[in-house]
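Please take these sequences and the hints and turn them into a complete structure.
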Amino acid sequence: MKRILVLFTVLMLSGFWASAQNRVVTGIVKDDTGSPVPFATVTETGTKNGTTADANGNFTIKMKENGTLTFSATGFNAATATPEGKTVAVTLKRNNLELSTVIVTTALGQQREAKELGYAQTTINNKTLTAGKSVNIQQALNGKVSGLNISTVNSGVFENAKINIRGIRSLTGDNSPMLVVDGAPTPLGYLSTIPPDDVQSLTVLKSGASAAIYGPQAVNGVIVITTKRGGKTPTVTFNSTVQATKVSFFPKMQKEFGDGGGEIVDQYGNYGYVPYENQQYGPKFDNSIQPVGPVLEDGSQQMLPYNNSHFKDRIKFFNTGITVQNSLSVAGEDFYLSVEDAKIKGLVPDDVNRRTSLRFNGGKTIGKFSVNYGLNYILQNSNVVDENGFQTEFPGAYDGGIFLLVEQTASNVPLLSYKNLNSKYGQYSNYYNEYAINPYWVIANLRSKGRNDNLLGNIGLNYQLFPWMKATVKVSNELSFDNTQNNDAPVIVSDWAAANRNAVQYSNKAGQVFTDQFYSSRLNFDYFLSGDHNIVNDFSVRYVVGGSLSDSRSKDVAVGGNNLVVPYLFNVSVRSGDASVPLYPGDNFNIESRLYSAYGTVGFSYKRWANIEFTGRNDWDSRLLKQNRSFFYPAANASLVLSDAIPAIQNSDFLTYLKLRGAVSKSGNVNLNPYSLSATYSQPAGFPFGSTAGFTANGTIPSANLKPEFVNTTEAGIELGFLKNRISLDATYYYQNNTNQILNVSQSVTTGYTTGLANAASFNNYGVELDLGLTPLVKIGKRGHLDIKINASYNNNKVTSTLGNVPVVIGGNNGFLAQATGYPTVNNIAVVGKPAFEFQLSDYLRDSATGKVIVDPVTGNPTQSPNLLITGRTLPTWIVGATPTLTIGNFGFSMTWEYKGGNDFYSGLGPDEAFAGIGAATTLYGRKRFVFPNSVYLKDGKYVDNTNIQVADGNYAFFNGANTYTGIATNFFGSAAAWRLRELDISYTIPGKVFSNGKFIKQITVSLVGKNLFLFVPKSNIWGDPEFNYSATGNTFGLASGFQSPASRLFGGSITVQF
Amino acid sequence: MKHINKQLIFIGAFIGVIALFSCKKTWLDVNTDPNRVTDATVTAELIFPAAANEVGQAAVGSTFLQEWVGYWAPNGGFVPQQNVISYNIDFTFADGLFQNRYNILFDLHQAEVKAKASGDLDLAAASIVLSAKIYQEVVDLFGDVPYSQAFQTGKYTTPVYDPAESIYDSLQIRLDTAINILQNNAPSGAFSKADIINHGDVGKWIKFANTLKLRLLIRQSEVSGFNPATEIAKIQANGGVLGAGESISVNPGYSNDVNKQNPFYAAHGWTPTGVQSDQATDANAYIINILSSTNDPRIGRFFFPGGFDNSNGFVGNVFGDPLNTLAPANQSSYFGPALNGELDANGVGTGYNKDQFIFPSYESLFLYAEAVARGWIPGDANDALKAAITESFVWSGVPDAVNAAAAYIAANPNIATLKSGNSILANAKIIAFQKYIANTGIDPQESFFDQNRLHFLTDNSYISTLSTKISDKLPYRLLYAQSEYTTNGKNTPKEVAGDEFTKKLFWEP
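Top to bottom, those sequences are chains A and B.
For the record, in the first sequence the residue sitting at position 208 is 208 according to the working numbering, with numbers rising by one throughout.
For the record, in the second sequence the residue sitting at position 497 is 497 according to the working numbering, with numbers rising by one throughout.
It is possible that some hints are incorrect.
Keeping only pairs whose Cα atoms sit at most 25 Å apart, straight-line, the calculated BS3-like set for lysine-lysine is [what the hints assert, rightly or not]:
| no. | chain 1 | residue 1 | chain 2 | residue 2 |
| --- | --- | --- | --- | --- |
| 1 | A | Lys779 | A | Lys852 |
| 2 | B | Lys494 | A | Lys852 |
| 3 | B | Lys469 | A | Lys928 |
| 4 | A | Lys62 | A | Lys368 |
| 5 | A | Lys707 | B | Lys155 |
These aren't lab readings, by the way, just hints derived from the structure by calculation.
It should be emphasised that the depicted structure is a prediction, and the values quoted were computed from it without experimental measurement.
Pasting the structure below:
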């Protein structure tokens, strides 16, 4: 606190220096579109007297009665004007030197010219963001920003994605960047709910240094979104986009063998056909007519050719999803109003998610007082298949998720014909499979409905106390109300099925209901003083000093009933037996945390080409013990625009722009849930029994003395512009030392707790970011040009210490495996000296000398090694994005390509596919005995190459054995490298003059858009999209689940009309 | 100046706001958990009922052991677990079992520590007795395990593995301590209420402790030079072992609802909606053959007749043979009324609210009989065996149990009576075989240990018939848990798959 007061006093004193002039002129500097030009330099022509316009282009200058003014701003041609009276308005013309003129919204809404900043950032305007007509912003950002890694972890209707900037800074804590919308800290989840059309500009602040003033959350970078605020000329814009989604990548499945699960084996060991199996270890297809399913009640049995004619039914099962987006916005003086509606119909039949949002932004300036405010209401309604209910209603069934259910259907089975649930073979009781349910029944009967109401509001009041000091108070709140209800219909089977079929699937079950209400509120209150002042000519100071309070609370109430007594009436009160009340931390909680901060920043600038800025912040966090609650962190950054400083460069035709920058910072972060400082107990399932309560210890033991994590960042960068900025290059190197990592350390169950929570590790994280722009690369005639933007990011990290140097398991090994026998062990793990993270997997027992798999000399079978293999890495080392744009007149064509590589992934679908005999890998040896490739066996005390000992059974027994196949995670593990065509956009703009002279319709843009059109992966990847992960939260990567839908591509058309 | 003053007041107020919040420290004191019971607020009396119930859940025999010792077998309705029918287990095989047992042991440990702190000493002693039972079983399944450094939170994050033998010795001492406490402290009202096992009956807790002491001794019977005399004397002096009618069991108030049923019934009986919970397993042809060839009336207590209308009689499946399992389910014999209660009108068991057995009385009597037969305790071994068999008949609910048992013994002299000319080992095997029959479906773990101690099953047809099985005999023990290699690798003894067939426990001859 002391530090800040001292700083504040210094700033106050500096403001009283002023010099006398004859008259005072105020004015505004604008560009040719009417938008203000911030920070233009205003000088009295021929004198050294000058000032700088503020962020809104406003300036005040004292000058001689008869003088003229010269206006200059980087990126604009200079202009002069002679004020008549006390005001003047000037319009500057852009000279298209894009690099240095970008205005960046930094902390607390302070606007800065990009060239002043000593740290890396990327600003994206509305046009770039909306080119691909993405349904949400996170999709639209893919491949466009260096250092940004967005992984779409599922293809469902909920757009789950993980976002990281510059790798990770916390091993087990949150690594997702902070989202700031119109100055209000907002949960990152809203990124998928803000319509891209509403965004005026989006800035990605990549560095901890840029973010020191934002506080702890900003340690992972900040995505700053400024929504549209309206303009002088009223515009009405209407946009409509329709996109289709189709399966783009299906796992490689075998198409030669039909159903069989080892029930029927002849004397030679050949497996017989079992017409009601879920496993496909039966005989080869031979075109004979065979039964499908059991003999039914009426004595009939479905008889069909035993061939693979229905191989593709499993792909066709998935719908063509449709996404329809309509938006209407009205921008007028001092306000912006928009309505957006997006309806997403998913790949899985009947999955639907609809989002409607309403935004109103406004502002008003009255003299020295100004106010701006924004209100955003988002309503989301979803209705999807309830895969969890599927697990609880059929415990012990071989069902996994919908995807596995579909895959479990053999190639001779006409899956699509079972869509009609009233048909003879489609009805529940007559479904052909004894061990699986008709997936169409699941879709029709087990539903999860969600409704989410979000209200975000912010209001900011500013008062210009002195020309050099403005006071600001800002209040923002984010309210979220979430309602989920899972309605699981009862199972009603015929008497015949109940008596004769497998009871796991074919017995009557009561309906189930689960209902959850969640409320959260995050209130932020910011107050600060800010201003800038020319201390002497050419030397200016700029400062912010203030504090903030934030209070987050959430509450959840959840209850379920498993025994509904009136079929299809889904209310918890209409049940028999006890209600189920799930426990904290998942459900039923009441959480509050608070943060109090004080901060200050001061920056000095000489002629705007030499800039330096210092920042300090102190936080008090309620989640820590009193003695650890307060922590301070400083930062500094500097930039030097040599091209402005050295006339030789300024006048050069070759090198147009040269800037050097550097930053150092320390950021603190409390990666901890509230109430984490004590070991806890809870009642196990079944308790309480009447008046008997019982508690069992939960699995985590925290170290009570937990301290914040600290990230020390150093970064340096260079920005270059050549040939009037036709070629631009921006390069950044960063190095982050992450200490005091708060970790959930897996520990032996024999300690009493399987998890210890402690400040237990440190690691460093470093990388290089490159942005290359060629604008234009080629000029085509008078009105055409081909531009290309390429960004490349290299990121690496290394774990430098863990508690006792014990490897730390970060996550995995559960939650993503469905049904295989002998679950493989797969974890993300942090090992000292290795990158965060590597994979830890079960592997075959190998000869340490050669790495070859050791097989038994008699059975020819491999066995599982007791040691887990640590290999690969979870995060990509290289991410490259390339966006070529071709513009010819009103015609535009752009693509975004993206490459990620250097990392690996594990497919949870793999062991399930092997278990069920679906995977192509299970037919590699034609289901016959084979010599295990690259294997050795022990002979006379030495390992010799195995050339002739075949596995005992190359069919069912091998591919179902935990030790021989399904339990070996390395069988389902490989490179995650991928090239993707993220976006394709072809558009044509029809100018308004075609229609009624442009009076009513200003312009119409028609475009064809495609997303994720192509995915190129190495041959070794036979499973699916390597970006998929079982969880959209936490730090696990590369652990694809058996419960996900196949990867998809989108394509469609869009029309935008501007009135 | 007036204008300036106004602005200075504004600034002053501004700083005041900042100062106000920075001084008001209590504003940040919102970190007391409103959602959960914490270490500071939990009591021994809150932990003990959950721990006792967990001990009951753990007493439900593992299905793989039921299958390995010939009680149960996969019925062909489902794909049998390849690792169970081939004995080809890996490190994940018993990971869940290992973690479960240590979770129970930790709850018992916390109950003991907190009870000692609050002065509820009998509750501490009861926790010690239960943990001794679980610890012995963990040692018998795995061998050397963490013990001396276990549960010392904060002190040892990677507990060492103690030698199995030293854990056995320590368990005897701990049980002595528990008995001493129980003898010298009247039960508190809080303990009597929380004790959902013996309801504050300290005499029964002492007998249970003595029985566990005897079980530790019997297990070591084939260790050469083993002398149990000192411990036997203590057992005798402190009131002896559990006798007829003195079963140890638990019941927090089981009812026919999800998660509320008797644990055995929940796992192998019927769901609350009346569907068989265990669809994949039924009787093993091996035990059915033993029971039916000796006209043992307990067959109808351990199993129900097979078939939808019970018309198939008592039928079992051949373990490991896909050609000889009966598909679909319900063709073979499900688990009978001794375990699941009688059938109601809908053909569903009524045992959902039965007490969950932890230590059946007849098992104590068999231990006693073996101790007599070995000459450790004076008495007539045949009488002791007869008493044990009779108690099994009573426990399993055979009508007119005493006479039925006598008739069974008279009709099967070769397997139900000891011969004076026999070696101690031969007589011990007869007792073990009777104990094995009595334990059908109830305690396969004890039968697994007895078989590895005495090799009393001479007919090897309980072994899997699967052609790709990797062994012709049962493993001596289980492989260590994968999670231990992951989190406590430096202390976990190094093993490779296959060691379970070669490396014996210290008490295995």
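Here is how each hint holds up against the structure:
no., hint, result
1, A/Lys779 to A/Lys852, "violated, 58 Å"
2, B/Lys494 to A/Lys852, "holds, 21 Å"
3, B/Lys469 to A/Lys928, "holds, 19 Å"
4, A/Lys62 to A/Lys368, "holds, 19 Å"
5, A/Lys707 to B/Lys155, "holds, 20 Å"
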